[in-house]
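Asker: Protein sequences, first through last, are from chains V and Z. Start counting the first sequence at 8; every next residue gets the next number (this note's numbering). Start counting the second sequence at 86; every next residue gets the next number (this note's numbering).
I should point out that these hints are in silico values taken from the structure, not numbers from a laboratory. Just so it is clear, the structure is predicted and the values come from calculations on it, not from any experiment. Treat the hints with care, as some may be off.
One side only, chain V facing chain Z, incomplete, derived with CB under 7 Å [what the hints assert, rightly or not]:
hint : residue
1    : ALA9
2    : ASN13
3    : ILE67
4    : GLU68
5    : LEU71
6    : ALA72
7    : GLN75
8    : LEU95
9    : ILE98
10   : THR99
11   : ARG100
Glycine included, each C-beta is placed from N, C-alpha and C at the ideal position.
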Amino acid sequence: MALVLNSRMNRGVVVLSADGRLDAEAAPALLAACESHSARGDCQIVLDLAGVAYVDSKGIEAILAIFQLVGKAGGLRLIGARPQLLQLLEITRLARILGIAADETAAIDSLVGSD
Amino acid sequence: MSTTDNHEQRSARILTVDDDPTFRQIVLALLRSEGYTVREASDGLTAIKLLQQESFDLVLLDLGLPGAGGLEVLAGAASWKSQPKVIVVSGDTTGPAILGSVRGQAYHYLAKPVNTVTLANVIQDALAAPAAMPLEVLSAREDWVELLVPCEASAPERVQSFLRYLEGDLPKATRESVGRAFCELLMNAIEWGGELDPRRRVRISFLKTVRFLMYRISDPGAGFQPEQLHHAAVTNESDEPFGHMSEREAQGLRPGGFGLLMAGQLVDELVFNEAHNEVVLIKYLN
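One chain only, chain V, in its complex shape:
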């Protein structure tokens, strides 16, 4: 099922929302979108995964690749992760290195500091 991506800026941070399946077919599009933001110097990204109903290992790998892409220059935060995704992040032990925030405000605060 197609992955629909929408991005907007909030306090200088890219908020990228994904809807659909994050699988082998869709993972390259998500990574390409983040590479595009990164190339423009927007290296702080909040990835809203509330609309992602299915994720497989390729999707997990894409998230990890984004983390490595923006990690040094900016940062990545995940919000809206469903239980299925959280379970996979626990299994792969990525939950301990990826920044998982409660909501968009908390995610952005952790990236740029609270007002």
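Given chain V, put chain Z in place with the hints provided.
Answerer: Frame of chain V, contents of chain Z only:
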């Protein structure tokens, strides 16, 4: 997806077959708003007549129809003017309906009630996918399904659209875990064993008993040697959860290698044959 692809998809001709006028009207409004050319039928005999006289790219087919049922419509595919992909959209999720649809070479199965976003996505994906090679049915018992699946990237989701309903009486969490593990391993088999060559096929078996649920996946490749999987997370020592990442970096591979680890954690047992081109995954019930 390119603009041209989108344009070609939007000019696709779709036949929707359903005896529920309300459902038909919702589908018609949805498809027309997306720019598709749509025809409709409220019974099986009208659908058969339209399929014999006109060309379609896609059919949305209910099963419980007056005149001739959906499975009868599918059975007559050889006499159709074109060979559209068929998405079954039905409230019937019994074994005979599911397995009859697989035998009839339906492309995908959606259980009612279905939301319009899901329906639109499945339609878009089906139209975008290349002409699918058939699923060959070797056994179609509700407790023992055996299929030969072409090595196509779309196959795991397609197969799972049918098989998930045969697990319908299990808790949702169990179904989701087993389904994800199965899709991971089937995609591995298709990608690595079958090299994404649709002429090659993966043999899958689904067995369900009172005490366990089992999938067996046999791919056409030569297998692999586990001692050479240093780039996979499954080989990491417990105190080095990301030890494989340096190996991947050295090999110029993208971050990843989590598929086998995930699949193994989502079921109770994961057993490979000696060559590692066959795998059995088991989930114990009760």
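Asker: Per the CB criterion, is THR99 (chain V) less than 7 Å away from chain Z?
Answerer: 5 Å, holds
Asker: At a threshold of 7 Å, is the proposed contact between ARG100 (chain V) and chain Z supported by beta-carbon distances?
Answerer: Status holds, d = 4 Å.
Asker: Checking hints one by one. Is ASN13 (chain V) an interface residue toward chain Z, by the C-beta closer than 7 Å rule?
Answerer: Violated, about 14 Å.
Asker: Does the closest beta carbon of chain Z sit nearer than 7 Å to the beta carbon of LEU71 (chain V)?
Answerer: Where the cut-off is 7 Å and the nearest Cβ of chain Z is about 4 Å from LEU71 (chain V), the hint holds.
Asker: Is the shortest C-beta separation between ILE67 (chain V) and chain Z less than 7 Å?
Answerer: 6 Å, holds
Asker: Taking the least C-beta to C-beta distance, is LEU95 (chain V) closer than 7 Å to chain Z?
Answerer: Since the shortest Cβ distance to chain Z is 6 Å, the answer is holds.
Asker: Quick one, is the ALA72 (chain V) hint okay against chain Z at 7 Å, beta carbons?
Answerer: 5 Å, holds
Asker: Can ILE98 (chain V) be said to touch chain Z, with a Cβ gap under 7 Å?
Answerer: 4 Å, holds
Asker: The hint names ALA9 (chain V) as touching chain Z; please verify it with the least Cβ-Cβ distance against 7 Å.
Answerer: Holds, about 6 Å.
Asker: Does GLN75 (chain V) pass the interface check with chain Z, least Cβ-Cβ distance below 7 Å?
Answerer: 6 Å, holds
Asker: Can the hint on GLU68 (chain V) be confirmed by a CB-to-CB distance to chain Z that is less than 7 Å?
Answerer: Hint holds; GLU68 (chain V) Cβ to chain Z Cβ min 3 Å, cut 7 Å.
Hint violations for this structure: number 2 only, all remaining hints satisfied.
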